[in-house]
Amino acid sequence: MSGTAKLKETAWCPGCGNFNILKSLDAAIEKTGVDRKRLVMVSGIGQAAKCPHYTDANVFNGLHGRALPAATGIKIANRELTVIVASGDGDMYGEGGNHLLNAMRRNIGVKAFVHNNQVYGLTKGQASPTSEPGFVTKIQTKGVVLEPLNPLALGVAENCSFVARSTSVMPEHLTAMMAEAIKADGFALLDILQPCVSFNKINTAKWYKERCKELPPDYDPTDRQAAFAAALKWGDEIPVGIIYRGARRSFEDMTTALAGEPLSSLGG
Amino acid sequence: MSGTAKLKETAWCPGCGNFNILKSLDAAIEKTGVDRKRLVMVSGIGQAAKCPHYTDANVFNGLHGRALPAATGIKIANRELTVIVASGDGDMYGEGGNHLLNAMRRNIGVKAFVHNNQVYGLTKGQASPTSEPGFVTKIQTKGVVLEPLNPLALGVAENCSFVARSTSVMPEHLTAMMAEAIKADGFALLDILQPCVSFNKINTAKWYKERCKELPPDYDPTDRQAAFAAALKWGDEIPVGIIYRGARRSFEDMTTALAGEPLSSLGG
Amino acid sequence: MEANIRIAGEAGQGVQSAGELLTSAFHEMGLHVFSTQSYMSRIRGGVNSFDIRISDEELHSGREECDILAALTAESFAAEIGKVSRGGVAALDGDAGPDALSLDMTGAAKEAGGARMVGSVAAGIVFALLGYDSAALKKMMEKAYEKKGPEAVAGNEAAAEKGAAMAEGHRGIIRTPQPSARSGELYSGSEAVGLGAATAGVKVVCSYPMTPSTGALTYLASVADRYRIVVEQAEDEICAANLICGAAYAGAAAMTTTSGGGFALMAEGLSLAGMLELPIVIMLSQRPGPATGLPTRTGQEDLLFAVHAGHGEFPKIIYAPGTIGQAYEMTRRAFESAHKFQTPAIVMTDQFLTDAKKNIPELPAELDLVDRHIEKAPSADYVRYAVTDSGVSPRALPGGEAFVVCASDEHTEDGHLTEDLTARKAMQDKRMRKAALAAAEAMPPEFYPEPEETVLLCWGSTYGPCREAVDILRAKGRKVCMAHFAQVWPVWAGAGGALEGRRVVSVEGNSTAQFALLLRQCGAISQFDSILRYDGLPFTGAEIARRFKS
Amino acid sequence: MEANIRIAGEAGQGVQSAGELLTSAFHEMGLHVFSTQSYMSRIRGGVNSFDIRISDEELHSGREECDILAALTAESFAAEIGKVSRGGVAALDGDAGPDALSLDMTGAAKEAGGARMVGSVAAGIVFALLGYDSAALKKMMEKAYEKKGPEAVAGNEAAAEKGAAMAEGHRGIIRTPQPSARSGELYSGSEAVGLGAATAGVKVVCSYPMTPSTGALTYLASVADRYRIVVEQAEDEICAANLICGAAYAGAAAMTTTSGGGFALMAEGLSLAGMLELPIVIMLSQRPGPATGLPTRTGQEDLLFAVHAGHGEFPKIIYAPGTIGQAYEMTRRAFESAHKFQTPAIVMTDQFLTDAKKNIPELPAELDLVDRHIEKAPSADYVRYAVTDSGVSPRALPGGEAFVVCASDEHTEDGHLTEDLTARKAMQDKRMRKAALAAAEAMPPEFYPEPEETVLLCWGSTYGPCREAVDILRAKGRKVCMAHFAQVWPVWAGAGGALEGRRVVSVEGNSTAQFALLLRQCGAISQFDSILRYDGLPFTGAEIARRFKS
Ligand SMILES: Cc1ncc(C[n+]2csc(CCOP(=O)(O)OP(=O)(O)O)c2C)c(N)n1
Ligand SMILES: Cc1ncc(C[n+]2csc(CCOP(=O)(O)OP(=O)(O)O)c2C)c(N)n1
Ligand code: SF4
Ligand code: SF4
Ligand SMILES: [Mg+2]
Ligand SMILES: [Mg+2]
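Residue numbers (the working numbering), protein chains in the order written: chain A, 1 to 268; chain B, 1 to 268; chain C, 1 to 550; chain D, 1 to 550.
Keeping only pairs whose Cα atoms sit at most 27 Å apart, straight-line, the calculated BS3-like set for lysine-lysine is:
id	chain 1	residue 1	chain 2	residue 2
1	C	Lys148	A	Lys124
2	C	Lys139	A	Lys138
3	C	Lys143	C	Lys110
4	A	Lys201	C	Lys148
5	C	Lys143	A	Lys142
6	B	Lys8	C	Lys425
7	A	Lys183	A	Lys37
8	B	Lys183	B	Lys213
9	B	Lys6	C	Lys376
10	C	Lys148	A	Lys206
None of these hints come from the bench; they were simulated from the model.
Please work from the sequences and hints to get the whole structure.
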């Protein structure tokens, strides 16, 4: 085994949605023909954030909540790298909320795949920003009273260049969405609904399966008003698919200092 | 002069929009009959953030970007206080972005009045999150390439309970909006377009005057789709008024430990 | 007479529940207990273990070897079998080979009602091996599973019985301490911190979850109704720090709980509390770093960071409880000092102490409010930052008769921002006078049993292991004592005098002897030796004694 | 022979432009110059001042008194009139009373083309009072206003002439240094830091604006095209710290610029860089705290915080340039060391140094890249965190033949996270070996002129004032020298030996003598006296000499 091969054994719970996400990720990488040597998987801290260690790729597993700034730095330093962030809902929507807002604004060519299990897994079951109202935990003993964060609506509101949702319970769909995100120019947000068998007894695989429905074929992701309506849908039916595509140029293309050879090739 | 009277002299530039905002604030406090002894003005750091010092009120002038968490703590400790945050666009939309998102989610009874001059004033003219694309500064030497943050669309997307816009160039309107925000239950975001005569030569008083138009009387701020459309409007016409009212209960009302006398009255 | 029992297995197998159950049962029987936990940063799989040390005398720490190992997986068996003491016994749920007991614990659990009861089977085995009657165990099971219904109680009891039956042939194989009267109550370090805060009058707790600080947060949430506390999960640690500053300003005793990385994010807020003279309390529960490090392990690596954290210069008070009882007391004291000196106070714990459980004299659970030192009727010319001789200014709350104005910029006495550089100096001097005052009132260390030629210097959770090491070394005739500092900042002014002429050996859970460096920074010592550990595990008394060189 | 000229007025009146203009003009004429700025945290109003000290010999600091005061407002006149030296002269734009010149500068400016040219009128007055010919001033005006068009040039020249004419009656009232050959080039501390970084090869600069660090950021933005640098404004300092970690990982030399509060927010990211062994550079430009403090003033209050910042233990290298030349050199060295030891390096400056301008030998502006120590052809079994004797592991970049894996959790040599506690210890030891290595290569202090009985200990920007104090004191026969540390961490191992037997007087811009405490923490000194200043203004040589007690 080469010293830098991926970890063969995961630290995930049997039955966790993360496994499917990992499989879809591998499939999407194959499908899009991404050169793994030029692929950097970035994450923060959490159960989902361990994902990069289980991929054959370069890995930057940084701080909780700070995957996006690190990924941005990586992409700026070497824009020839494919930079994928695979991390949790707490990581990207909680601690990392400001960076998400600004990655959208910056439209940096980073793909954010958010393993959204609507709970803090690694720290044993506290509410995450996407936990449903009423969700009871050892901290939220009377149930969550905060309005869940809607990452998709946020993306539409901030004219994010790519906003999509999929779920680990629809692995092919997930692979397709990941591939679309990778192919898209600029920043891409892919929210991936994922069961956590250990701490989320509400939003189970069954729950997601019953609700997640693909957007109709005539859905137009460039229609911002329609996208906003789609982004707000939650409940008995949860749309999955490409919710929105903002018409934007990427940060890399708008930054003159990034024309030419990668910055990382300059230096002593 | 009592030791705790307001500062008589401001540190603002002559002609600055902040003066009108301060006047409207005073008018709105009078209009709503807020007891100044029970009023706490909270801010972070910036030119706008000096505002609390020029009001007759209690003042918590904290850290750059952190006005909202402090205000939240104040409101939790004593829900009988009226808590108004008066601070800048850099403060609340830049450094404080994550707190804004979460103040909306938490629906804490704090009123955020954002003096939005689309620039960093105190630090001498760098781009703020709301600076327009192409805005040239000593840091953004080729002009801003990031998409401006849209705080109103953000509010609509996150179902914020009160989202409004006004401008220092329409002082009566501003007073009315402030009064509405103060009267509303839960968290209120009021974005106030304000000229900065020293560093923003684009978005001048004239520029705002020419563009800001009140929403039509039949506009329904509870219609979320319409609100989203209104929030996106920018350019030749910029709507001012109450953009959105999310149907929400306040954090104070949903938190059992906050029933009864203020927490601040308990203790040795 | 004592014994150390270890339950080991995967995360998610119920190692912790079984351990908790045994701990309570032993305590209920009238044994002294000290339990510790060692676990991985994952939810399922891996190797976790739970130690319950029992004795007929008071205990102060854990032990590296165990006398009974009950392993629920082959992996954990392999990891721990080398640490079974001579004369000890090991059992594995599976084929353990010739030197240990192979017991089909899962099979027994299934028969009793389900594989997830395997921990109760193990508990039953342990009781039999120790030669104890399972009555106490059953009593605890009733209590623990009451909420889950009579079936759960019956199932677990059956599982324990089956376990006891499986090990019956080896009953009493271990020499065991004799139970006497049930003494004191069981508390974990987390609970003690939480209870200390609750009784002191904390009203606002705002934190972002982070191991190993989450235990105290969870405990506080569990008693929030009883004490009327708002426990709010923040979006990040920066919010937490600033929110409690706001709450403290408005008059509520306020606190946050965190660990190294979260504390780092709070450094700016800490400086704010110093500037605004706000009584906030931070529990900093340490784990090994840098960065994410070993998130579920123990360490004492953040001392110098904590002492110097925050830009600019301002007073700060830091306690580092050594025992579970001190965790309660020092947390209360942190609230007291924070309010007395109007400045932030920190309680430094670590994974070892927060997760450890021990029976100690019952901690008062009634409200016993610390004085918030509030000026209830400020005069007409009240100013928040009056320059006083002591440096402490009368503190009024907003909402009363006087405006309370504060600014993170330098300010005049009335709290408004100023650029008058003379006022600046006066204000900085005023703030730093509080540091001098706090220093004058700093706690002396505990010398155990009394000052000696050689001093094992320690702070925080190393108390127990160090104290045991002193007992071991003194039994061998070494002139050794312990000096434990439960307050690490400001350093007690008498430290230099008390340590003068003695050999100092600093025993610390870090790689640079930070506390000794701090004492040297203060001019209290010049030379020192050290015994350091930073692999993520706590010291044990035996280890310190072994590594001690005269 | 020397003179100190002060222009004072409101923010927004052009005090700074006039000061810059005079500074360049004096330098152009062939004088030695040292300029400093003192301003408030506001955009208009208040009292700002700009000092230009001129001499026929090299200068090292500013002075408290001035020989010429040109005040543009009554308020600034009142604030500064007491600081005019005996034999000096003051002029006010308005009625100055009997002891100073009342000159209608605004009137003259209006005549010349507009009130906003009042600064140029003042500059003309200054030139006349000094008895200098305005040619050099006009030359600089041409340069400064070229971009604004011929009208601006002509207007300002006319303003200067009117100013000179107004003061003609007092021409040469001041004894003035004689210009000789134009020597060296003018740089501010900010420019020197920026140029050092640019020539060293920085490719990614990510910062959030914060006074007084913004100058270096602005400078870097202004040369971004020339050196091909991405200068990106972050949404907050946490982004900045983590973004440069990512950039450094991917191979770009990367840096951030900040001040105390922003640095506090970066503490977690600093710990990350320590754990991932990333070569990041932070310029920390100090101002007085705590919290927002005095945002536009100077101080040296963040030393102990910086040295211990970040949770856990990891190596860190900190420079504190004392001069503008050193600002360039130490920034370059920070990049060198960060890459050599693969760990974060910090350059500590402050408002005084970043805003100061002085003529020094021209700094090389060509790229002179520091070695990034990159393994270009990693072998098939390459691992990022190989445990080596030195502690430094061969560093490859992602995108090449080998995967580069890194984790903020403790990790094995291949960079993957681990909970193997033996691996943990090996990895922590490996990292800390780099600290030892860095310590062995730490810079000795500069003794000026040579070691003496009494040592004025200093670090960072206090160099100049301290050096001047030594000159003053030695002229009085005192056996005093300066020991200036341009590297403050790790502390040079020889410090103890070099200072032994000497009296140490620490001269620092803080209230607790932090550097002396740090030296004592390291065991290098035991006793010390101190001369401290923390009102937001820099020391002057005369002040130190005055406050020095034998
Ligand atoms: C600064 C900081 N705060 C808190 C933590 C503790 N922490 C680690 S992971 C996590 C939450 C994980 O939740 P999520 O991102 O949803 O990932 P999941 O485990 O659910 O996949 C927290 C709070 C940390 N590592 N760093
Ligand atoms: C942590 C931190 N970072 C940076 C700063 C510097 N700073 C002070 S105010 C400000 C921006 C102010 O812009 P804005 O909030 O829009 O207020 P304005 O001055 O325009 O009213 C900045 C960057 C600071 N005080 N603290
Ligand atoms: S805790 Fe939840 S999210 Fe984490 S691995 Fe287990 S099931 Fe998956
Ligand atoms: S800098 Fe701009 S925002 Fe600030 S006071 Fe001046 S005009 Fe107003
Ligand atoms: Mg999650
Ligand atoms: Mg602004």
